[in-house]
Amino acid sequence: MTSGSAEPLLSVSGLRVTFGSSRGDLVAVDGVDFEVGLGEVLGIAGESGSGKSVTLRSILRLVRPPGRVSGKVTWRGRDLLTMAEPELRRVRGGEIGVIFQEPMTALNPVLTVGLQIRENLKEHTNLDPAGRQRRAVELMDQVGIPAGKSRLEDYPHQFSGGMRQRAMIAIALASNPRLLLADEPTTALDVTIQDQILKLILRLRSELNMSVILVTHDLGVIAQTCDRLAVMYAGRVVESGPVASLLRRPRHAYTQALLSAVPRAGIVRQPLASIPGQPPLLSALPAGCAFAPRCSLAIDRCRAEYPPLQEVDGDHFAACWRAAELVGAP
Amino acid sequence: MSLALTSAITSAFSSARNRRIPFYVGVAIMTMFLLFTLFPGFFAPYDPLAFDYTQLSHPPSLAHPFGTDNFGRDVFSRVIWATRIDMQIAVFCTIFPLIFGTIVGALTGYYGGWLDAVFGRLVDLVITFPFLVIVIAIVAVLGPGLINMYIAVSSVGWVFYAQLMRADVQVQKQSDYAAAARVLGYDEPRIIFRHLLPNAITPIIVYWMTDMALDILLGSSLGYLGLGAQPPTAEWGVIIADGKNFMSTAWWIAVFPGVAIVLAGVGFSLVGDGIADYFRRRD
Chain P
1 MTSGSAEPLL SVSGLRVTFG SSRGDLVAVD GVDFEVGLGE VLGIAGESGS
51 GKSVTLRSIL RLVRPPGRVS GKVTWRGRDL LTMAEPELRR VRGGEIGVIF
101 QEPMTALNPV LTVGLQIREN LKEHTNLDPA GRQRRAVELM DQVGIPAGKS
151 RLEDYPHQFS GGMRQRAMIA IALASNPRLL LADEPTTALD VTIQDQILKL
201 ILRLRSELNM SVILVTHDLG VIAQTCDRLA VMYAGRVVES GPVASLLRRP
251 RHAYTQALLS AVPRAGIVRQ PLASIPGQPP LLSALPAGCA FAPRCSLAID
301 RCRAEYPPLQ EVDGDHFAAC WRAAELVGAP
Chain L
1001 MSLALTSAIT SAFSSARNRR IPFYVGVAIM TMFLLFTLFP GFFAPYDPLA
1051 FDYTQLSHPP SLAHPFGTDN FGRDVFSRVI WATRIDMQIA VFCTIFPLIF
1101 GTIVGALTGY YGGWLDAVFG RLVDLVITFP FLVIVIAIVA VLGPGLINMY
1151 IAVSSVGWVF YAQLMRADVQ VQKQSDYAAA ARVLGYDEPR IIFRHLLPNA
1201 ITPIIVYWMT DMALDILLGS SLGYLGLGAQ PPTAEWGVII ADGKNFMSTA
1251 WWIAVFPGVA IVLAGVGFSL VGDGIADYFR RRD
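Protein sequences appear in the order of chains P and L.
Start counting the first sequence at 1; every next residue gets the next number (the working numbering).
Start counting the second sequence at 1001; every next residue gets the next number (the working numbering).
You can take every hint at face value.
When the alpha-carbon atoms are kept at most 25 Å apart in a straight line, the in silico SDA-like pairs for lysine to any residue are as follows: (1) LYS199(P) with ARG135(P); (2) LYS122(P) with ASN1199(L); (3) LYS122(P) with ARG1190(L); (4) LYS149(P) with ARG1194(L); (5) LYS122(P) with GLU1188(L); (6) LYS122(P) with PHE1193(L).
No lab work stands behind these hints, which were simulated from the structure alone.
Required output: the full structure, derived from the provided sequences and hints.
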């Protein structure tokens, strides 16, 4: 939508997350920068272990020891990483909402859904009990749970997977956050339900004028929902830019390889390309580009020197020595 | 014996349709004891402390269903009045351990660190000694009597609740819903006591039921040893201790309170098992 507005809502710069281990520090996220504008949907894509979920979790300081987070996370002018705990608690849930991958486990099994919604309202709004109840019913309606009023008294295990995810969204959105962090919100759901949930998130985004960061490994989901995309590999952002140009003309060899691994309907059937090898271990990152060992386009320079993230096109950045050669490919 | 009987009853009704029967049996037993506790005068035909020198050591009869003891006291009335003392033992011995142990376990499990280290060593220290030995030692120092017995059992018993709670909270705090509660901006006491504790309380409740049964047995043992309730108070262990000298001539004095102890143990255990079973199936 309105990408690149004057003052970004959230700006992350030099984010670095390390986990101390017996064999030294493992760098899970290494110098990640991105911005989210008002009403914008940012996608963060990558394989398992690329650091995308850790990035998302470190924004709200959810990374627990032995994990350590450094860098700057600026939320409406304030640094979330150094903010005092009581102030952070007001941001959490009040200004930034989070939904998780597993609606099965992210709802408290012993509390009714209504209680969990009202609890958020009690914490972050000035509504009286009657007002909280009204708002809870309204939220159930807003996220498309039929017979919302009576279902408020149900426990999470009485909901289906898709309804549970809707309930989780209702809880996260109860006090009108300005930003929604969604950690693989559709991965655990059926394809048909996935689509409904994504449409729901998009609808709520425009109704509530909220920004969204959507972490997923599913490029189809990204294409459908996001304005901008950041692709992560081995703890770094390797390519970022507007979704349309990034998916049409990827300028990083990894993004290109990912795209050719996505099955497409409607074209002549051909074998799916897969990316050979596996992502590198965090304990044994190569000196140059982390993707070089698996890359069919790698040259000597890729193996020796890490490519910086450079503007390759208007608002489109890539960290690839072969970015120029990729123009026009797939 | 109580526990063996409990598992025998439970396994006899293992089919899906009959699975709830042992629980109902337990509830029935507990209801009976509860009525005895609340209205002993209604069920007991005689004064439990009144001597009747015309009826010394009479075997069970219609007038005295459990017989009479060597002072002519009605054993049936004594067993019923004793329920009140023994239920009091079950509750008073466990209420402090239940509350204190649960809170300590929840806090140490959640925060870890030095708090966990301090309480962990304290727990280790207590469980190094056999439970009965340490309780008897404390009562011996404080002096015999019910109050001192409550103090002794309470000061030791909480560690088991704390251990159970700590282990479960450590698991629960890693869960997604705990992370979800954190990102909703809730403070830590609320996360611990409102979100984690109800999810970790099931084993505690089940253990509590067993613990009450064990404390009745303990109370009776201490009563028997002369360290718990003092004669002439009617308490099951005390009655057995009184009757043990007459086992060959008047077996009924010791046997009927013994049956009551076993029955109470079975009742608590069946209720505990039923609760555990209910929570397992709800998951």
